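Participant: Build out the structure end to end from the sequences listed, making use of the hints.
Protein chains in written order, with the numbering used here: chain B, 175 to 494; chain C, 175 to 494.
Misleading hints may appear alongside valid ones.
Computed cross-link-like contacts, BS3-like style, restricted to lysine-lysine with a CA-CA straight-line distance of at most 27 Å [as the list claims (entries may be wrong)]:
no., chain 1, residue 1, chain 2, residue 2
1, C, Lys-316, B, Lys-291
2, B, Lys-216, C, Lys-291
3, C, Lys-445, B, Lys-316
4, B, Lys-216, C, Lys-316
5, C, Lys-330, C, Lys-445
6, B, Lys-189, C, Lys-316
7, C, Lys-216, B, Lys-291
8, C, Lys-470, B, Lys-189
9, C, Lys-291, B, Lys-316
10, B, Lys-470, C, Lys-189
11, B, Lys-185, C, Lys-470
12, C, Lys-185, B, Lys-470
13, C, Lys-477, C, Lys-421
14, B, Lys-316, C, Lys-216
15, C, Lys-189, B, Lys-316
Read the hints as simulated data drawn from the structure, not as lab findings. Nothing here was measured: the structure is a model prediction, and the numbers come from that model.
2 protein chains.
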Amino acid sequence: MSLLEFDVIQKYFSKITNTNNNADIPLAIGDDAAIVSLPENKELVICTDTLNDGIHFPIDTSAYNIGYKALAVNLSDIAAMGATPKWFTLNVSLPSVNNTWLQDFTKGLADLSSQYKLDLIGGDTTRGPLSITITLAGHINKGQALTRSCAGIGDKIYLSGCTGDAAIGLATSLTNVIGDTADDYFVNRLNKPTARVELGLSLVGVANACIDISDGLLADALHIANASQCGIQLNLESIPLPKISNKEQARQYALSGGDDYELIFTVSKNKQQALDNIIKKSELTITCIGEVVEKKGIEVLDKNKKSIQLSMFGYEHFKQ
Amino acid sequence: MSLLEFDVIQKYFSKITNTNNNADIPLAIGDDAAIVSLPENKELVICTDTLNDGIHFPIDTSAYNIGYKALAVNLSDIAAMGATPKWFTLNVSLPSVNNTWLQDFTKGLADLSSQYKLDLIGGDTTRGPLSITITLAGHINKGQALTRSCAGIGDKIYLSGCTGDAAIGLATSLTNVIGDTADDYFVNRLNKPTARVELGLSLVGVANACIDISDGLLADALHIANASQCGIQLNLESIPLPKISNKEQARQYALSGGDDYELIFTVSKNKQQALDNIIKKSELTITCIGEVVEKKGIEVLDKNKKSIQLSMFGYEHFKQ
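Facilitator: Below is the structure:
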């Protein structure tokens, strides 16, 4: 630990604790390692994501949004497992110590972590090109986690919210035409995604398979299909579209744009009633967009149930 | 997950499993998150370290050594807690996909992880300047972890092996004068440090405080002193020196050089017999180098028990 690291951790990161729960976290920041315990009958769910400057966010993204997003994308993975997020470690590589930047970054991180009462338990602060890695852990009852591999043939497929917004936000950011209220909405969806943690929690015992959308609706639906050794059929007309005037473009964004962090999940017939209750209580729009089928791979059907070429949706073009 | 990521993970990283212990790790690589369980009466000990190209290793360091060292420095943190290492996550940022590099990197990682039967349970592979983050977890019986903060006044201070070797290795690497057998030894100590995992495990219930030496003997001893709210007095004549001809330089390296990953620990009088038994069985040289005292800070005494200026040892110069 260099002096730089010690100062930065003391000044900024050591304050990101929200539970003060010494029973669960006997030792947090400040030793060679942190110590955590796990309540009986719980399993630990662990995910990790790295965000690199200019790769995972445009170079002029604010420090606040970088801090917020670095945690949000991990929260989304925990949400997709149906787990309750608990604590995280933070690795930050910085070209130099810029106090304003660190203050804003920490605020973005703290604003989101306080919503979920997360504790920052450790990490590493080093010199290097700007890069953020967060490793986030959550709890779940043993054997209850939602995975990608349990979709059953005949399950209906549901999507929370709308995909494509973040990709429009990215295009808007890169062309620097921000200023319009609609543009602000899309850029905000890119920079401050909302992880669907509460929805994920409510789906435990109801959904068979679940994944969060980071690579795009088609790409991530395919991950469920492959992991579950089945196929997925989506109905184009059912898929919610981002609110832009060009419908063809909206469809491309909805099906192939990444970074939205909505959830796709599958539900069998006998859990339909339970899902309806969740939908009624949820503030989110939850839409049935297709079905799990035997034929492997992914297929998109038009309103006449005819299969559409996936290249129509710029499937490769938007792939990151 | 991009195609690049999927391919790299499938081809290289998914094979780094050593336990096949499904009871402890119900779900590893391949979903939104991994799932791990924790045996009753155990706590989880978690650490994380980032290595950046040109900052934490010279730019021409081999991929094998980068893989090996990225895990070794984390193992050293787990060793300093007295815990048994179990599983890790791996975040790799790569400028491009170079198969030879990835093969060698994975071999370095796998060679070390197999020694400790570690499982790679998840991670993130992205584009970006070369950077490796490993988050490593271990188990320990509840309340048994060795920390920095429990040194007691009157405790003797012990050091495993010898410090300064890695800093000599770094100087040798940077000046490109490698080739001499002695040089090879030092460069090897820099690139393939040996985490003192077995020693750490044997110190549980015997040592009061423990830390691994990454920043240098003086700097890390000071971390124990500060965390334990006491002082540390080192006897210069007792400190083992790296085997180079210039004794003054050897002392500077021994006291201020970083990256050796030896352990410093403190033992109270009533545990002296237990420690003697450990020393007898250990293949490592373990040396008493000083004592924990009331007066805060760190002090180095000459053979006449006179205090020596720390600047004599290039204390600031070698600080990273």
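Participant: With reference to the structure, classify each hint as holding or not holding.
Facilitator: Consistency of the hints with the structure:
no., hint, verdict
1, C:Lys-316 with B:Lys-291, "24 Å, holds"
2, B:Lys-216 with C:Lys-291, "24 Å, holds"
3, C:Lys-445 with B:Lys-316, "41 Å, violated"
4, B:Lys-216 with C:Lys-316, "17 Å, holds"
5, C:Lys-330 with C:Lys-445, "10 Å, holds"
6, B:Lys-189 with C:Lys-316, "26 Å, holds"
7, C:Lys-216 with B:Lys-291, "24 Å, holds"
8, C:Lys-470 with B:Lys-189, "26 Å, holds"
9, C:Lys-291 with B:Lys-316, "24 Å, holds"
10, B:Lys-470 with C:Lys-189, "26 Å, holds"
11, B:Lys-185 with C:Lys-470, "23 Å, holds"
12, C:Lys-185 with B:Lys-470, "23 Å, holds"
13, C:Lys-477 with C:Lys-421, "15 Å, holds"
14, B:Lys-316 with C:Lys-216, "17 Å, holds"
15, C:Lys-189 with B:Lys-316, "26 Å, holds"
Violated hint for the displayed structure: number 3, the only one.
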